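The listed protein sequences derive, respectively, from chains A, B and C. At position 76 of the first sequence (counting the first as 1) the number is 76 in full-length UniProt numbering, and the numbers step up by one without a gap. At position 297 of the second sequence (counting the first as 1) the number is 297 in full-length UniProt numbering, and the numbers step up by one without a gap. At position 162 of the third sequence (counting the first as 1) the number is 162 in full-length UniProt numbering, and the numbers step up by one without a gap.
Be a bit skeptical, because a hint or two may be false.
Said to hold, decoys possible - Derived DSS-like pairs: lysine-lysine, alpha-carbon spacing no greater than 30 Å straight-line:
hint : chain 1 : residue 1 : chain 2 : residue 2
1    : A       : K35       : A       : K257
2    : C       : K99       : B       : K144
3    : B       : K190      : A       : K86
4    : A       : K203      : A       : K177
5    : B       : K238      : A       : K323
6    : A       : K275      : B       : K335
7    : B       : K169      : A       : K48
8    : A       : K178      : B       : K169
9    : A       : K129      : A       : K200
10   : A       : K335      : B       : K190
11   : A       : K178      : A       : K74
12   : A       : K48       : A       : K131
13   : A       : K257      : B       : K335
14   : A       : K109      : B       : K169
15   : A       : K86       : A       : K129
16   : A       : K119      : A       : K74
17   : B       : K169      : A       : K119
18   : B       : K335      : A       : K331
19   : C       : K128      : B       : K238
20   : A       : K86       : A       : K275
21   : A       : K200      : A       : K323
22   : A       : K109      : A       : K131
23   : A       : K178      : A       : K200
24   : A       : K178      : A       : K86
25   : A       : K177      : A       : K149
26   : A       : K35       : B       : K335
27   : A       : K82       : A       : K35
28   : B       : K335      : A       : K119
29   : B       : K238      : A       : K275
30   : B       : K169      : A       : K257
31   : B       : K238      : A       : K35
32   : C       : K99       : B       : K238
33   : A       : K203      : A       : K124
34   : B       : K335      : A       : K203
35   : B       : K238      : A       : K331
Stated by the list, open to error - Some chain A residues near chain B, calculated using beta-carbon distances under 7 Å:
hint : residue
36   : T67
37   : N84
38   : S128
39   : M216
40   : S218
To be clear, the hints were calculated from the coordinates, so they are not data collected in a lab. Keep in mind the model is a prediction, meaning the values are calculated, not measured. We treat Cβ as the ideally placed atom computed from N, Cα and C, and that holds for glycine.
So you can see what is in the structure, the chains are spelled out below.
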Amino acid sequence: MDRSYPRSRKLASVVAVAAAATLTLAGCSSSSGGKDAEEGGANASAGKANTPRMTVALVTHQAPGDTFWDIVRKGAEAAAAKDNIKLVYSADPNAGNQANLVQNAIDQKVDGIAITLAKPDALKDVVSKAKAANIPVVGLNSGVSEWQKLGLMQFFGQDETVAGEALGKRLNQAGAKKAVCVIQEQGNIGLTQRCDGVKKTFKGDLQTLNVNGTDMPSVKSTITAKLKQDGGIDYVVALGAPYALTAAQSVGESGSKAKVATFDLNKSLTGAISKGDIEFAVDQQPWLQGYLAIDSLWLYKNNGNYMGGGEQPVLTGPAFVDKTNVETIDKFAAKGTR
Amino acid sequence: MSMTRQAEPAVTTPPAPGPGRQTDGRTSRRSPALRLLARPEVGVLLGALAVLVFFLVTAPPVRDGSSMANILYQSSTIGIMALPVALLMIGGEFDLSAGVAVITSALTASMLSYQLTMNIWVGVIVALAVSLGIGLFNGWLLVKTGLPSFLVTLGTFLILQGVNLAVTKLVTGNVATDDISDMEGFAQAKAIFASSFDIGGVNVKITVVWWLVFAALATWVLLRTKYGNWIFAVGGNKESARAVGVPVTFTKISLFMLVGFGAWFVGMHQLFSFNTVQSGEGVGQELIYIAAAVIGGCLLTGGAGSAIGPVFGAFMFGLVQQGIVYAGWNPDWFKAFLGVMLLGAVLINLWVQRTATRR
Amino acid sequence: MTPENTGTHGAVLTDPAAEPGAPVVELRGAGKSYGNIRALHGVDLKVFANQVTCVLGDNGAGKSTLIKIISGLHQHTEGEFLVDGGAVRFSTPREALDKGIATVYQDLAVVPLMPVWRNFFLGSELTKGPWPLRRLDIERMKQTADEELRNMGIVLDDLEQPIGTLSGGQRQCVAIARAVHFGARVLILDEPTAALGVKQSGVVLKYIAAARDRGLGVIFITHNPHHAYMVGDHFSVLRLGTMELNASRADVSLEELTNHMAGGTELAALKHELSQVRGVDVDELPEAGDLTAPVAPSEGKS
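I would like the entire structure built from these sequences, with the hints used as guidance.
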């Protein structure tokens, strides 16, 4: 460092202050909670295959920052690590852009492609291009009714509508009369399909409520307002784990008797289920979708296997999580794999 | 600099103190009532009142005290940010990064405390430093480059949006932070940022109190201090302000840091009321803050406005947003209703001002 | 009004020019280059108290650069700049203000949307109370502003009205009154009459005279020789970035000043050429020999 350069001395003093601050902070550690309290459980890894290195592309319609897709991706990564696969992940909620990403994967001459079929028509062309290039394509998550028409090899997952229908039936069992479906992103197809599914099977009255998902305080007060406006609501159906937790707060504040059910899981949600704040969650096992999609491509390449026999989809849900089974799932959810 | 020491001026009009003082006779005084109505914050108040009356009539649940508390809560989370955004706007600048900066602050506090297993307050303080730092960066870049703030903060907006997501993913392995509600200091922090209390059986959120306290403080600063004078001056005419010795650079940068402070406060509220933070949140909120400020009578181009106007602006936003739900209207039309009601309220505001200022 | 109540404003009239008759502000061969563009060079200028020094020049002659150097917005790159006989180099307008040099810019340095009294005290606000409750002393500011304006002969109905609603002449006068109030010893007026009508210009010239009579040294920048000649004690004409004429009132007539302003010396040189062209009337143009006023030694146009 050039001593005549005044900034160097300034830098040194900044470093000194930062170091002093760090030392001071060290005395402020929390004796409860935090990372230290988190379990360092072993990963769900099953050793590593010694098959030749292959490359697989996973292209989804994930919007940035979506918890659900994060778990799908983790499942895919787990399978890739086990199978000696290089996983190329890309996503775009816009169908046209998603198609471009698939084309990109084809251009990279990958050994297999896994895609979600949120808007099947937009992907038709690139799927046939992939087939022409002799790249096996499997589907996951959305598109349970279209995957065969598009000529995909296998399919893993569950349609949003089917999940919704299952939740609707469960509401009937619980004796619900009036429920409200909370949509955190108005106009999102997947979310709309979930609500539509619930509506299809639910015998009571189902209303929908649009909330501003990017602003949690707004979500909270809007749900509170809805419960105030209609005192007859006995179930709040959230379409994502974070929103379910917020809905539970709203229920508490509005003094309503309503219960909360939700789609999807996360770490905090399993805790809320065991505490009884949330009644149940319908889980389509996103981790499994990602895992199986990648694993199936490995099996096909190395052993010529077809999961589901090549004719039937492999359904990953609906799996219900409630007080009876939450304990077994809790520790997996804590690692972000359920 | 006593007057007596100065030479007698050549041209002197003897001062005529008290009533009956000389006027130049070209401007006629308008009545105090009209002058009051001409103030933009009064217009927006009337607009908000009109919307309130409308919902009191059409949505019976709004008449309930606890519903009003809920509306005020929603308004306060917008309003606390709308205040510094309004001051910044009066100072002639925008901050498009204000929405995601809230989340950046909450993420910083949450992840730092959790990952290092520190007392919550460590995270809270560091988050404050980070938020002020973002403001400093915005302001410094603006002053240094002379680029429009729209461009500079659009850049920070995108950067923060990406950083929020990427760093959260990198640190926690998830797209949301871990639950920190069982950590030391949480209860204390929650009491300050996210508690509530009862008034006559109605549960009122502490943010409502903070909102009004900040608004009173901002009003005082704006109208009664040097700094407030400088805010108007740098927004009204930057070059003139510089020429008469107003520290323009300091004023601009500190205004951006004030927005940082607001983002920190709202971020802390979100963290301590929801225990975790989703990294993708906050996008789009900046426009709501700006809208509340503009509805509240702040000039988009700077130089004019108030701190009390944005309070009514934010209230109107919260009221319309919740009122539609209380009224039980078809939710598919939610956004359309929101737009229509806001336009309607703004038009009332405009009409009141036009009527009041007509000579 | 006591000195300790005047906020951060440091300019006071306690130390007028060290010796009577010495210039308050003096430029010696001063110049300014922006990169490789030489906007101003070889300028000598003396400003005395109780005098109006007029700086005339066409657009682009370097008037603005000259003002910017004296007012502290820019720094000179050659020559000397002295205040009270001591060399200075201002880095901000604030430093110039502290030396008692106040500038009234062409745009008047007012914020149109702000009330008159806030504009009057902008940048030098009066405050009261201890920190953190230090606040504007609004009563005193309004009262002082009103008094000062009345002393300059300006009467406003309402000090709360935005200054943008005043007429151009009124605004100019407010700006001058402000500078005078804040203890300016040297007042720089940048084209104060340029955008005004005849009557309004007259009003402003009256205030220039008033300011001079209060003991200020006034630098009156203009391109109107008639306005300059009505109030000026000393005249300097700038051309192409350097001083073309430097004369006191006794040495120069209005006609001559007008000729210099109209590009007299150049036109005289051109007269011969122009006389060959049909349709150009050259009879009224002065001969070079008619321009008797002392012409500033030119450094040569580089």
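Now for the hints, and whether the structure bears them out:
Only pairs whose Cα atoms come within 30 Å are accepted, and K35(A) paired with K257(A) is rejected, the gap being roughly 35 Å. The straight-line distance between the Cα atoms of K99(C) and K144(B) is roughly 28 Å, inside the 30 Å bound, and the hint therefore holds. Only pairs whose Cα atoms come within 30 Å are accepted, and K190(B) paired with K86(A) is rejected, the gap being roughly 45 Å. A threshold of 30 Å between alpha carbons decides the hint, and for K203(A) with K177(A) the separation of about 8 Å falls inside it, so the pair holds.
Taking the CA atoms of K238(B) and K323(A), the gap is about 63 Å. The hint is violated against a cut of 30 Å. With a CA separation close to 36 Å, the supplied pair K275(A) and K335(B) exceeds the 30 Å bound. Only pairs whose Cα atoms come within 30 Å are accepted, and K169(B) paired with K48(A) is accepted, the gap being roughly 25 Å. Using a Cα cut-off of 30 Å, the hinted pair K178(A) and K169(B) is violated, with the two alpha carbons roughly 38 Å apart.
Distance check on the hinted pair: K129(A) and K200(A) sit about 37 Å apart at the alpha-carbon level, beyond 30 Å; violated. Proposed proximity of K335(A) and K190(B) is supported: the alpha carbons are some 27 Å apart, at most 30 Å. Among the hinted pairs, K178(A) with K74(A) is inconsistent with the structure: their alpha-carbon atoms are about 36 Å apart, more than 30 Å. Between K48(A) and K131(A), the direct Cα distance comes to roughly 29 Å. Compliance with the 30 Å bound is thereby established for this hinted pair.
Of the pairs offered as hints, the one joining K257(A) and K335(B) holds, with about 28 Å between alpha carbons and a cut-off of 30 Å not exceeded. Of the pairs offered as hints, the one joining K109(A) and K169(B) holds, with about 29 Å between alpha carbons and a cut-off of 30 Å not exceeded. Between K86(A) and K129(A), the direct Cα distance comes to roughly 22 Å. Compliance with the 30 Å bound is thereby established for this hinted pair. Under the criterion of a C-alpha separation no larger than 30 Å, the hint pairing K119(A) with K74(A) is consistent with the structure, at around 23 Å.
Straight-line distance between C-alpha atoms of K169(B) and K119(A) comes to about 27 Å, which keeps the hinted pair within the 30 Å bound. With a C-alpha separation of about 40 Å, the suggested pairing of K335(B) with K331(A) is violated against the 30 Å cut-off. Straight-line distance between C-alpha atoms of K128(C) and K238(B) comes to about 26 Å, which keeps the hinted pair within the 30 Å bound. Between the alpha carbons of K86(A) and K275(A) the distance comes to roughly 41 Å, so the proposed pair goes past 30 Å and is violated.
Under the criterion of a C-alpha separation no larger than 30 Å, the hint pairing K200(A) with K323(A) is consistent with the structure, at around 26 Å. Restraint check for K109(A) and K131(A): satisfied, since their Cα atoms lie roughly 12 Å apart, inside the 30 Å limit. Restraint check: the Cα-Cα separation between K178(A) and K200(A) comes to about 14 Å, which is no more than 30 Å; the hinted pair holds. Restraint check: the Cα-Cα separation between K178(A) and K86(A) comes to about 48 Å, which exceeds 30 Å; the hinted pair is violated.
Among the hinted pairs, K177(A) with K149(A) is inconsistent with the structure: their alpha-carbon atoms are about 39 Å apart, more than 30 Å. Our distance criterion of 30 Å between C-alpha atoms is broken by K35(A) and K335(B), whose separation comes to about 41 Å. Taking the CA atoms of K82(A) and K35(A), the gap is near 27 Å; set against the 30 Å cutoff, the hint holds. Taken as a hint, the K335(B) and K119(A) pair is honoured in the structure, with Cα atoms around 25 Å apart against an allowance of 30 Å.
Pair hint K238(B) plus K275(A) does not hold up; C-alpha atoms about 58 Å apart against a cutoff of 30 Å. A C-alpha spacing of about 37 Å is found between K169(B) and K257(A), which places the hinted pair above 30 Å, so the restraint is violated. For a cut-off of 30 Å, the pair hint linking K238(B) to K35(A) is broken: about 49 Å separates their Cα positions. Distance restraint check for K99(C) and K238(B): the Cα-Cα separation of roughly 23 Å lies within the 30 Å cut-off, and the hinted pair is therefore satisfied.
About 37 Å separates the Cα atoms of K203(A) and K124(A), which puts this hinted pair outside 30 Å; it is violated. Between the alpha carbons of K335(B) and K203(A) the distance comes to roughly 29 Å, so the proposed pair stays at or under 30 Å and holds. Under the criterion of a C-alpha separation no larger than 30 Å, the hint pairing K238(B) with K331(A) is inconsistent with the structure, at around 59 Å. Contact between T67(A) and chain B, as hinted, is supported at the beta carbon level, the nearest pair being about 5 Å apart and thus within 7 Å.
Because the closest C-beta pair between N84(A) and chain B is about 22 Å apart, greater than 7 Å, the hint is violated. Because the closest C-beta pair between S128(A) and chain B is about 33 Å apart, greater than 7 Å, the hint is violated. Look at M216(A): its Cβ gets to within about 5 Å of chain B, closer than 7 Å, so that hint holds up. Taking 7 Å as the C-beta cut-off, the interface hint given for S218(A) holds, the closest approach to chain B being about 6 Å.
In the structure shown, a violation is registered for the earlier hints numbered 1, 3, 5, 6, 8, 9, 11, 18, 20, 24, 25, 26, 29, 30, 31, 33, 35, 37, 38, in ascending order.
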